[in-house]
Amino acid sequence: MQLEKFKYDNTIVKYFAFATTFWGIVGMLVGLIAAILMFYPNLFGGLHDGWNSFGRLRPLHTNAVIFAFVGNMIFAGVYYSMPRLLKTPMYSKFLGYVHFWGWQLIIVAAAITLPLGFTTSKEYAELEWPIDIMITLVWVVFGINMIGTVLIRRERHMYVAIWFYIASLVTVAVLHIVNSIELPISFMKSYSWYAGVQDALVQWWYGHNAVAFFLTTPFLGLMYYFLPKAANRPVYSYKLSIIHFWSLIFIYIWAGPHHLLYTSLPDWAQSLGVVFSFMLIAPSWGGMLNGLLTLRGAWDRVREDPVLKFMVVAITAYGMSTFEGPMLSFKNFNAVAHFTDYIIAHVHVGGLGWNGFLTFGILYWMIPKMWNTTLHSRKLANMHFWIGTLGILFYALPLYAAFFVQSSMWFQFNEFGKLEYNNFLDTVTQIVPMYVFRAFGGALYLAGAIIMVVNLWKTMAKGSFQAEEEAEAPKLEKKKILGGHWHAALERKPVLFTVLSLVAILIGGIFEMVPTFLIKSNVPTIENVKPYTPLELHGRDIYIREGCAYCHSQMIRPFRAEVLRYDPNDMEYSKAGEFVYDHPFLWGSKRTGPDLHRVGKKYGHDWHYNHMYDPTTTSPGSLMPSYPWLYENSYDKAATEDKISAMRTLGVPYEEGYEAQAVADSEKQAQEIVDQLAAGEPSIQSHPDLEIIALIAYLQRLGTDIKVEENLTENK
Amino acid sequence: MKTINKNIIYLLTIFFLTFSAGSVSAQTAEGSGTSQETLIMIVMGLVLLVAILVLVVAIYMVMVIKSILKREEKIAAMEKGIKYIEEEKESWWTRINNKLNRSVPVEEESEVLLDHDYDGIKELDNHLPPWWKALFYFTVIVSVIYLFVYHVIPIFPLQEEEYAMELEKAEELQASLAASGSVETIDINNPEPSDDPTDISSGQSVFNINCLSCHAADGGGGIGPNLTDNYWLHGGDFQSIFDTVHEGVSGTSMIAWKNVLTPVQIRDVSSYIQTLVGTTPANPKAPEGELYEPSEMSVDQVEASADTVATETDSLQTN
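Protein chains in written order, with the working numbering: chain A, 1 to 716; chain B, 1 to 319.
Hints in this document: simulated from the structure, not taken from any laboratory.
Some hints could be false.
[What the hints assert, rightly or not] Under 8 Å between C-beta atoms, here's a sample of chain B residues computed to sit facing chain A:
#: 1; residue: 78
#: 2; residue: 82
#: 3; residue: 84
#: 4; residue: 85
#: 5; residue: 114
#: 6; residue: 143
#: 7; residue: 252
#: 8; residue: 256
#: 9; residue: 262
[To be verified] Below, simulated DSSO-like cross-link-like pairs (lysine-lysine); rule was C-alpha separation at most 30 Å, straight line:
#: 10; chain 1: B; residue 1: 70; chain 2: B; residue 2: 83
#: 11; chain 1: B; residue 1: 133; chain 2: A; residue 2: 493
#: 12; chain 1: B; residue 1: 70; chain 2: A; residue 2: 229
#: 13; chain 1: A; residue 1: 93; chain 2: A; residue 2: 7
[Said to hold, decoys possible] Derived CB-CB ranges, DEER-like:
#: 14; chain 1: B; residue 1: 82; chain 2: A; residue 2: 466; range: 23 to 31 Å
#: 15; chain 1: A; residue 1: 473; chain 2: B; residue 2: 110; range: 20 to 28 Å
#: 16; chain 1: A; residue 1: 379; chain 2: B; residue 2: 43; range: 42 to 50 Å
#: 17; chain 1: A; residue 1: 92; chain 2: B; residue 2: 94; range: 41 to 49 Å
#: 18; chain 1: A; residue 1: 426; chain 2: B; residue 2: 282; range: 21 to 29 Å
#: 19; chain 1: A; residue 1: 92; chain 2: B; residue 2: 55; range: 50 to 58 Å
#: 20; chain 1: A; residue 1: 3; chain 2: B; residue 2: 82; range: 51 to 59 Å
#: 21; chain 1: B; residue 1: 71; chain 2: A; residue 2: 621; range: 53 to 61 Å
#: 22; chain 1: A; residue 1: 671; chain 2: B; residue 2: 149; range: 55 to 63 Å
#: 23; chain 1: B; residue 1: 65; chain 2: A; residue 2: 43; range: 50 to 58 Å
#: 24; chain 1: B; residue 1: 153; chain 2: A; residue 2: 656; range: 46 to 54 Å
#: 25; chain 1: B; residue 1: 157; chain 2: A; residue 2: 414; range: 45 to 53 Å
#: 26; chain 1: B; residue 1: 65; chain 2: A; residue 2: 45; range: 52 to 60 Å
Every residue gets a Cβ at the ideal spot worked out from N, C-alpha and C, and that includes glycine.
Construct the entire structure; sequences and hints are all you get.
Rendered as structure tokens:
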């Protein structure tokens, strides 16, 4: 049989590896700043401005670490391992570079637009529509390059790493497209196609599976390549690979609703989220087992080799967070843990432990290989390992403690059946020390990453970069193969394999979304709920822009403790029908501050006016940043008509031709608020065009519609 | 070995530090409260921690004893002039592991080595670990049962039903509190001010938690009106103050506190507010509302004299 000669291209891998280190440091630094802002909101002092406030930096941090740090690592690993596993160069060098520069362009666009306040507010999908389109295009380029490579392979069967790459490719495409369906109203502003409960379901189907198919499955693929290579041991069980791969991708997609337990999502959808999360333990642990058991007979080296050390902790962290996940999905536990800092600890065990440590392990292995040398300093790498591990502990443990304090204080009743801590602020000031510890943990972790950069830099200086590696393999002959393992047949048919994995991941989403969209009883309508006024719509967009939803939920769950706390006047929890005009939904996922769904009319305009200017005047000890720029800038009155007509297109029942009247209505409502502020004691002089007025209008509307009838009767 | 020990100590210190920080601050916040449950949780957590600590120490002791014994045997062997041969035995951990996972031992793995070779990566064909399979089956069975008991034959309550039950329980508690007479009850339609110093100080702590953000710590007012002067927007007699707190003022920042505070707490804070009248706050807000003179004047008389806002009366204490 004739051997064909070909070359593996290392240059593109180098590019992606540099990008992952660079963006990793940037993303972690932004995270550290955000962590400090949480206990020291005055960090920037006189430089405090819109772009560097917590609500804008938070999405920058999450997007940077997920899509830039982890994303570039995925690509580096794929471009390194795929050619070697399939015995062929990548399908197209050119597409590789389009992919690389396209992806970096997206990241830069994100790094500029997010601090400027361009956001859809949907977590991990904050980027606005032009960037969404760019992501789609670059992903298609990546897909063509990947599938192309599979098709020109010289290896008959696809190795398990490739299965995971393929499943990730198709699922991320589906998730991104479905969740990003939005109606642009201008350059960099759009409204989600879905509303309220439906938007929440789509978003958390996306959010949960972004974790699954961006942070988990591609990294499992990387693990399956780099771990056996680094340990020089055979993979433990081929059977386990097959079973855990298919069960993982099939079950994962159903679990999204566990982010919405006890909300207005229909009960049946919540229950599906619960049970599929529970069934996810074994498939997830299958990956962990196959990783750890592959190290049988190599544990003596784990003690010495920093690469293996990083990988072992990564896999253990993966096992831990995939155990926490299902536990958090149980209704009773979720009831106390949701909205607390537990969730933040949980995702960081996964993020810092699994993604971070696996990335470090791979880089420590791959860089010396590509530079044809050995690692500059094992000692430094070991130091990085211990500092990083300490960093994770210092990060996670204080937040577990914070969860403990939050959940016990939020739900504590006194002997009279009233809330023991009815002032939410008391529960915030208690956890400040934990936030300090957490930031310290983050700083340690970042310091470790910087040590790595130095170490890798010296390694590269020592070696010489090998741009191409020669290899040879026989051409893959066309022939019919009969018999053998049933799955082996599938591994020979990449197209069929891709289609089957697509089917596997579509089932869960379809089962949950279609009924929620089509069956009316899932979202019972409430007659009193009316569309927002134009001014409130403007205010809502300011709320979105400032990232208020990152710290304030708008979802009062049906617990006496929550209803008493957030709606002491009328005792109403949040109902599905109240959100039907919310494009996008703003339920939030974390309560650093109190829930706002029933804040409408709870306080006077003056309270909000003072609060947003300096939160400590109304809430001493508050950790909320101030928003002075809302008192200088005017809301975008010119966009009023576009907003109204876009909302009508999305199904919000504004009367035909209401656009003509919208600006006047907006001005009238603003004037009323300004007049009331002026009439107060002390009188507040303001201007009706200011953003703060629009924001107050929105806040005063929140959750009040279902009380309209009562108010009418009261006024009589 | 040394690094591992060091790290265990690190870990435990960190855990203790953060944990104790959390529990201490939670306790201080409770004040004289009765959060028995929190306390029990904290104690249980500490007990668990101690247990883990004991376990770690025990394991460490066993390891130390083992290595000392080995050393002694080595010395003994040397003295006798024979070579010390270490017992070749799989550790219990490896044995348990292999049994649980039904793994083919490392030495025999060539028997299950598949003929794949992907860039040097080979695959074994080990069995699915039995405990893992059992776990998977277990989760599937539990899930089916879960859906069945919540949705097919609804034995367990879904969230709205749960909420209704919770409300019912709270009402029962109220009823039993009232019936038992163990707690002080007051007639909200005819509350009497209290001059008991304990009540006043309880009122003060209620005020400091809930009221100062709008009325200032010294009652001088801010978003809410000044509580130290004799002008009242909603009436200055005790019943009016009590009602204002109890029912709130619609359309203002003053919420109805009846769901947040108990009647006794509202009585206490209202009594405390009355003690503020006549004091001199740091930044007094200008008077708002109508003059109320707590003498023998009836409510009608107060309303009649509503226009005479100009007169500033001196300190008038109710008691």
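Between residue 157 (chain B) and residue 414 (chain A), does the C-beta distance stay in 45 to 53 Å?
-> Since the Cβ atoms of residue 157 (chain B) and residue 414 (chain A) sit about 26 Å apart, the hinted range of 45 to 53 Å is violated.
With respect to the beta-carbon atoms only, verify the hint that residue 473 (chain A) and residue 110 (chain B) lie 20 to 28 Å apart.
-> 25 Å, holds
CB of residue 65 (chain B) to CB of residue 45 (chain A), is that within 52 to 60 Å?
-> Once the Cβ atoms are compared, 59 Å apart, the range 52 to 60 Å for residue 45 (chain A) and residue 65 (chain B) holds.
Is the hint on residue 78 (chain B) kept, meaning its closest Cβ partner in chain A is under 8 Å away?
-> 26 Å, violated
Satisfaction of the residue 252 (chain B) interface hint, Cβ to chain A closer than 8 Å | 5 Å, holds
Per-residue hint verdict: residue 256 (chain B), partner chain A, C-beta under 8 Å | 5 Å, holds
Cut-off 8 Å, beta-carbon criterion: hint that residue 84 (chain B) touches chain A = Not OK, violated: residue 84 (chain B) not within 8 Å of chain A, min 21 Å.
Against chain A, is residue 143 (chain B) within 8 Å by beta-carbon distance?
-> It holds, given that the least Cβ distance between residue 143 (chain B) and chain A is near 4 Å, below 8 Å.
When you take the CB atoms of residue 65 (chain B) and residue 43 (chain A), is the distance between them in 50 to 58 Å?
-> 53 Å, holds
30 Å limit on alpha-carbon distance, applied to hinted pair residue 70 (chain B) and residue 83 (chain B) | Holds: residue 70 (chain B) and residue 83 (chain B) sit about 13 Å apart, inside 30 Å.
Starting from the hint 46 to 54 Å, judge whether the C-beta atoms of residue 153 (chain B) and residue 656 (chain A) obey it.
-> 50 Å, holds
For the range 23 to 31 Å, tell me whether the beta carbons of residue 82 (chain B) and residue 466 (chain A) fit it or not.
-> Roughly 54 Å apart at Cβ, these two residues miss the hinted range, so it is violated.
Comparing the model with each numbered hint stated earlier shows that hints 1, 2, 3, 4, 12, 14, 25 do not hold.
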